[in-house]
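Q: Here are the chains, one letter per residue:
4 protein chains.
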Amino acid sequence: MRIGLMGFGKTGKAVAEELLKDSGSRLEWVLKSSTEHSGNYASEVLGHGSRQGLIYSIQEVDLATFFKKHPVDIMVDFSSADSVHCYASAAHAKVRIVSAISNYSPYQLDVLKHASRSTAILYSPNITIGINFLLEASKFLKTIIPHADIEIVEEHFATKKDISGTAVRIADQLGLNEREHIHSVRVGGIVGKHEIIFGLENQTIRLVHESISRNAFGQGALYAAKWLSSKTAGLYTMEEVLGINAGQRRTALKSS
Amino acid sequence: MRIGLMGFGKTGKAVAEELLKDSGSRLEWVLKSSTEHSGNYASEVLGHGSRQGLIYSIQEVDLATFFKKHPVDIMVDFSSADSVHCYASAAHAKVRIVSAISNYSPYQLDVLKHASRSTAILYSPNITIGINFLLEASKFLKTIIPHADIEIVEEHFATKKDISGTAVRIADQLGLNEREHIHSVRVGGIVGKHEIIFGLENQTIRLVHESISRNAFGQGALYAAKWLSSKTAGLYTMEEVLGINAGQRRTALKSS
Amino acid sequence: MRIGLMGFGKTGKAVAEELLKDSGSRLEWVLKSSTEHSGNYASEVLGHGSRQGLIYSIQEVDLATFFKKHPVDIMVDFSSADSVHCYASAAHAKVRIVSAISNYSPYQLDVLKHASRSTAILYSPNITIGINFLLEASKFLKTIIPHADIEIVEEHFATKKDISGTAVRIADQLGLNEREHIHSVRVGGIVGKHEIIFGLENQTIRLVHESISRNAFGQGALYAAKWLSSKTAGLYTMEEVLGINAGQRRTALKSS
Amino acid sequence: MRIGLMGFGKTGKAVAEELLKDSGSRLEWVLKSSTEHSGNYASEVLGHGSRQGLIYSIQEVDLATFFKKHPVDIMVDFSSADSVHCYASAAHAKVRIVSAISNYSPYQLDVLKHASRSTAILYSPNITIGINFLLEASKFLKTIIPHADIEIVEEHFATKKDISGTAVRIADQLGLNEREHIHSVRVGGIVGKHEIIFGLENQTIRLVHESISRNAFGQGALYAAKWLSSKTAGLYTMEEVLGINAGQRRTALKSS
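Those protein sequence lines, which keep their order, are chains Y, L, V and C.
Residues 1 to 256 in the UniProt record's numbering are what the first sequence spells out, letter by letter.
Residues 1 to 256 in the UniProt record's numbering are what the second sequence spells out, letter by letter.
Residues 1 to 256 in the UniProt record's numbering are what the third sequence spells out, letter by letter.
Residues 1 to 256 in the UniProt record's numbering are what the fourth sequence spells out, letter by letter.
If you are wondering where the hints come from, they were derived from the structure by calculation, not from laboratory data.
Warning: the hint list may mix true and false statements.
Copies of the same chain are indistinguishable here, so a pair counts whether it falls within one copy or spans any two.
To be verified - Here are the simulated DSS-like pairs of lysine-lysine, each with C-alpha atoms no more than 25 Å apart in a straight line:
#, residue 1, residue 2
1, K21, K10
2, K94, K10
3, K161, K113
4, K161, K142
5, K21, K161
6, K193, K142
7, K139, K193
8, K231, K10
9, K193, K160
10, K139, K13
11, K94, K160
12, K226, K142
13, K10, K69
14, K68, K161
15, K160, K69
16, K161, K10
17, K113, K68
18, K142, K68
19, K113, K10
20, K160, K142
21, K21, K160
Remember, predicted model here, so these are calculated numbers, not experimental data.
Given the sequences, and given the hints that come with them, work out the whole structure.
A: Structure representation (structure tokens):
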């Protein structure tokens with residue numbers, strides 16, 4: 001599987017690390033906003049010997065031809081919401097897209113949806129397998145015990161200012177008011193921990209996800225990319241990726 | 001829903017408490033091995049005012065006629081494996097059965113299966129909703145990340161001697177060697193805690209169940225009884241009870 | 001050790017249970033506000049065979065003579081702040097007092113302090129050993145790593161309305177603004193859990209206390225009573241009970 | 001404070017990172033076994049701009065004169081047990097030593113003790129502040145509740161083969177048989193977690209330490225180095241570093 005990566009910030013680099021490690025895929029190129037590292041190989045910037053992932057800057061390429069000149073099977077996007085303007089060109093070149101961007105505007109979301117008419121796009125604001133499992137499992141548990149009390153506790157490093165977007169998404173999907181039911185703990189250097197607590201009179205159930213490093217995003221992207229590689233044009237979600245594994249469940253979820 | 005209860009030990013009493021509290025069901029009688037409390041009402045023995053659950057001893061009743069003279073919709077069994085010899089009579093009287101017995105012999109299991117040709121029987125060695133959810137969710141997670149390391153940690157009161165039967169069952173269903181992958185912690189008065197840990201390189205997922213009191217068994221039995229009340233003859237499992245709620249999943253699981 | 005108990009509500013009864021179980025002490029009497037159970041033995045009301053703890057109502061006794069007619073070594077108070085008006089009479093009769101009341105007014109606190117001139121009084125709003133250890137250990141940890149971020153998460157049953165008084169006390173002693181640093185989770189039937197999280201850049205330390213039942217208060221009271229039984233008049237705190245142990249320990253450590 | 005560092009492996013580099021970050025100290029040199037990086041600056045090898053920590057190989061220097069030619073206040077040792085043969089020369093040059101080596105032979109320990117007659121040496125096999133706090137706090141808790149059940153659960157990355165040396169040390173100090181009371185969980189990429197569980201009939205207390213990165217060792221070494229910088233010749237332990245604080249605290253508590 002030939003992969004192109006958009007974004008080469010803190011998370012983008014961690015994702016590149018995982019793509020370079022994976023024997024089943026090859027990092028063809030990296031496309032980034034600034035011209036820093038432009039012309040170098042991502043593998044070298046990251047201290048590896050091989051020459052993979054030649055770095056281009058969006059400022060210096062012609063998008064209309066880029067995706068045809070440098071063909072890949074999947075483009076993985078960890079840059080920013082603005083990069084959505086490249087999706088039409090990529091879709092035109094039949095490049096499938098995994099987008100892990102968290103804050104598209106309604107207009108940008110329309111651009112993404114439009115591109116999904118021509119190619120398969122998987123869109124998920126938190127692409128780690130664990131978080132998406134937590135989301136699925138907690139929605140499932142809520143259907144079993146709808147009367148349970150549910151609270152979300154999220155812990156992150158002291159300098160993280162906002163409420164975890166992931167926690168907000170979990171709250172939304174569970175129908176919880178995020179102001180009342182999310183507890184944000186900010187201490188030291190915790191990478192990221194999310195805990196969903198279901199309380200019944202005589203038992204408590206906890207679903208906990210702990211991030212060890214940002215490389216988890218790369219593993220999630222790879223997992224999603226492999227799943228997406230056989231899909232036809234359309235817009236897909238991470239829930240569907242996991243749902244498929246669970247058998248008939250996706251169908252039930254779609255109709256519910 | 002008219003309910004009969006077999007067993008009135010520590011757990012049986014906790015289950016009776018929950019049945020008495022439930023407005024949608026009525027505890028018709030309690031059938032127990034010894035003659036202690038025989039002729040009294042369970043509600044009174046438990047310090048409640050109402051007169052529910054007249055207590056009979058198996059030693060004093062004629063099983064051939066008991067279930068017809070004292071009709072119920074569901075019989076809930078928290079006694080011991082030996083009581084399975086009553087199932088044929090109950091099945092003959094079209095009483096559905098919820099069995100929460102943990103250690104049937106192969107012969108006793110055959111007796112139970114035979115009875116399930118005439119009535120609906122739900123059999124689950126750990127009937128709490130939470131534990132069964134953990135079981136289902138962890139099997140689901142294993143299909144998503146089959147390469148993850150999985151370990152089970154169970155904590156119970158210091159005087160509990162054996163490995164938790166629930167932990168053993170979880171290990172079996174996940175294909176784990178119970179000697180290597182179950183860690184049994186015995187301290188103080190912990191009622192019961194089960195934690196399943198899924199470890200990946202960059203993230204950890206924990207599914208945790210904590211028991212607060214034995215009344216959780218009663219809630220699980222009620223949940224199962226309501227589900228079973230509309231079922232035809234056959235043998236059912238707690239996984240199916242939860243699976244149904246999750247949509248088409250049961251089908252997928254059955255074929256897997 | 002002869003013990004008298006003030007208060008026979010939910011917590012008072014759990015404390016009486018522990019006093020009855022302890023072989024080193026004897027429950028002489030129970031003094032309570034209402035006249036319910038008056039004239040009965042606490043041991044019988046609680047379903048035990050022995051005859052310990054004759055129950056009196058404050059409404060029916062003459063406080064001026066009660067403590068001399070019914071001598072005890074220690075009086076344990078789990079009633080309410082109002083009962084402080086009995087302390088002068090108890091102190092006059094040389095009865096030592098363990099007070100586990102949480103919300104004295106400034107005036108009532110003066111009454112308690114005045115009584116402590118004549119007898120030894122130990123006053124602690126949360127008398128469980130575990131919580132007091134948490135308090136001591138976290139103050140100690142703060143002196144070691146004063147720059148650490150500290151947050152408190154407390155979990156209790158859904159119907160508990162206020163912030164945990166224990167959490168507030170911990171916050172106060174650690175110099176934390178309680179509105180900002182206490183996270184209150186309310187779900188199901190959790191008896192009580194307090195977690196103090198210390199976060200550094202590269203490590204996290206968690207001190208966790210989980211209550212299993214209210215009987216923990218009785219164990220704490222007994223522990224405190226034994227310590228207090230050799231003390232002269234004065235006002236003592238639970239910190240001192242544990243601190244003494246810390247002092248001996250420190251010396252022991254130096255010589256090892 | 002001028003600091004010299006022995007060892008430049010995975011942990012040594014993480015320690016160097018912390019020394020470089022600390023404004024109150026300066027990394028004068030790094031002494032390592034092999035000649036790799038010899039002649040370069042540690043700060044440059046680690047990708048920082050400044051020129052700190054010139055790297056020497058033990059193979060290329062004359063130990064008899066090295067410590068006098070390149071004077072430091074403290075030498076921090078994260079290399080291996082063999083390096084203890086340098087301690088006599090360092091001690092002769094009045095260099096204080098922080099040794100974080102975990103497996104000295106009895107003979108090597110004698111060499112270390114001999115050197116401590118001429119200089120102040122702090123020796124601690126696990127130098128993180130958090131683990132040493134856990135050790136101290138759990139020994140303290142054991143004196144308060146000697147009858148409690150105690151179990152240790154340690155979690156590490158799947159490829160770690162042995163039982164955690166830190167867990168073994170905790171067990172030893174608490175008088176626990178390590179085979180029976182340490183539970184080793186090996187999953188995924190967990191950096192390191194140690195949990196000490198104290199169980200009583202009605203309450204559970206957990207002391208938990210989670211490592212986020214190896215840099216914690218550097219912070220512990222700096223903490224120890226600052227403490228050691230005012231000490232006279234002798235052998236010191238990390239417990240004493242924290243114990244001193246406990247002593248001051250105890251006095252403070254009594255007066256409050």
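Q: When the hints from earlier in the document are held up against this structure, which numbers fail?
A: The structure conflicts with hints 2, 3, 8, 10, 11, 13, 14, 15, 18 and 19, although it agrees with all the remaining ones.
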